[in-house]
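Input sequences plus hints: build the corresponding full structure.
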Amino acid sequence: MMQRRTAMAAVLLGVAAAMLGGCYQSPTPAMHEPGVYKGKADPLRAKLESDQLQAKLDARFQRAAQDR
Amino acid sequence: MARMKFLCDAERCIECNACVTACKNENEVPWGVNRRRVITLNDGEPSEKSVSVACMHCTDAPCAAVCPVDCFYTTTDGIVLHDKDLCIGCGYCFYACPFGAPQFPEQAAFGGRGKMDKCTFCAGGPLPDNSDAEYEKYGSNRIAQGKLPACAEMCATKALLAGDGDLVSDIYLKRVMKRSGRPDTWGWQKAYGAGV
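Sequence order for the protein chains is A and B.
Note that this note's numbering has the first sequence beginning at 2, numbered continuously upward.
Note that this note's numbering has the second sequence beginning at 177, numbered continuously upward.
Don't read these hints as lab results, they were simulated from the structure.
Being a predicted model, the structure only gives us computed values, none of them experimental.
Just to be clear, a hint being listed does not mean it is correct.
[Claimed, not checked] The calculated lysine-lysine pairs, modelled on BS3-like cross-linking and capped at a C-alpha distance of 25 Å, are:
hint: 1; chain 1: B; residue 1: LYS350; chain 2: A; residue 2: LYS57
hint: 2; chain 1: B; residue 1: LYS350; chain 2: A; residue 2: LYS48
hint: 3; chain 1: A; residue 1: LYS57; chain 2: B; residue 2: LYS291
hint: 4; chain 1: A; residue 1: LYS57; chain 2: B; residue 2: LYS334
hint: 5; chain 1: A; residue 1: LYS41; chain 2: B; residue 2: LYS291
hint: 6; chain 1: B; residue 1: LYS291; chain 2: A; residue 2: LYS39
hint: 7; chain 1: B; residue 1: LYS323; chain 2: B; residue 2: LYS313
hint: 8; chain 1: A; residue 1: LYS41; chain 2: B; residue 2: LYS260
Rendered as structure tokens:
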């Protein structure tokens with residue numbers, strides 16, 4: 002009987018601690034910087050830095066856009 | 177660094193809609209969404225002109241300026257892209273865009289529109305290049321493969337040009353000189369009207 006009461010008290014204490022923990026609010030606010038991209042990084046951005054890809058695109062444009 | 181741009185030569189566009197079809201086919205754009213459209217002015221009159229319009233990848237993109245979740249980014253080449261995982265479908269970008277480029281795939285209860293979809297210059301989105309996930313969400317990534325947008329490459333009359341802005345303007349200037357006319361696309365009169 003005593004053991005059961007102790008277990009119940011422990012469970013109640015655990016629930017109370019979890020509830021209190023859930024109410025915790027960080028004192029440091031999350032600052033939102035407007036106009037700054039918040040999404041995932043695009044691997045294409047790094048590729049576009051290379052002159053090789055740019056030269057390839059330019060050559061393709063010269064081929065594709067000229068009149069036949 | 178190059179700045180990728182579209183330019184549609186209204187003197188050459190024959191309103192065949194091949195660019196629209198090429199875009200839909202290349203990117204498997206959902207039903208009801210058109211990333212590119214052909215607009216005809218003065219339809220049926222002698223002054224009829226058609227232009228193919230999509231996202232113009234603005235240098236100072238108004239869609240990015242109004243986005244409340246900042247899901248837009250611009251590549252070093254000036255291609256304006258967005259992260260669909262962040263988009264909340266608020267529609268602000270649709271109101272801000274002067275070209276009507278942002279499209280929404282759904283019409284659900286309480287104004288639900290779904291994630292915004294627009295022309296990506298065939299450059300995919302912020303996922304591994306040419307992955308299945310990228311294709312499903314954003315469509316084809318031809319730029320990573322060294323190719324240009326499908327709409328421009330498909331254009332039979334070469335009215336739609338897509339590439340480095342300097343090269344595009346060179347070709348357009350040559351065409352205008354050959355036609356021995358003045359370009360109607362830009363200039364003082366176009367911007368401010370006659371008599372100013």
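Going down the list of hints, with the structure as the test:
1. B:LYS350 with A:LYS57: This hinted pair holds, its Cα atoms lying about 23 Å apart.
2. B:LYS350 with A:LYS48: Measuring from Cα to Cα gives roughly 31 Å; hence the hint is violated.
3. A:LYS57 with B:LYS291: Violated, because 33 Å separates the two Cα atoms, which is more than 25 Å.
4. A:LYS57 with B:LYS334: holds (19 Å)
5. A:LYS41 with B:LYS291: holds (16 Å)
6. B:LYS291 with A:LYS39: Judged against 25 Å, a Cα distance of about 16 Å means the pair holds.
7. B:LYS323 with B:LYS313: Measuring from Cα to Cα gives roughly 20 Å; hence the hint holds.
8. A:LYS41 with B:LYS260: Between A:LYS41 and B:LYS260 the Cα gap is close to 10 Å, so the pair holds against 25 Å.
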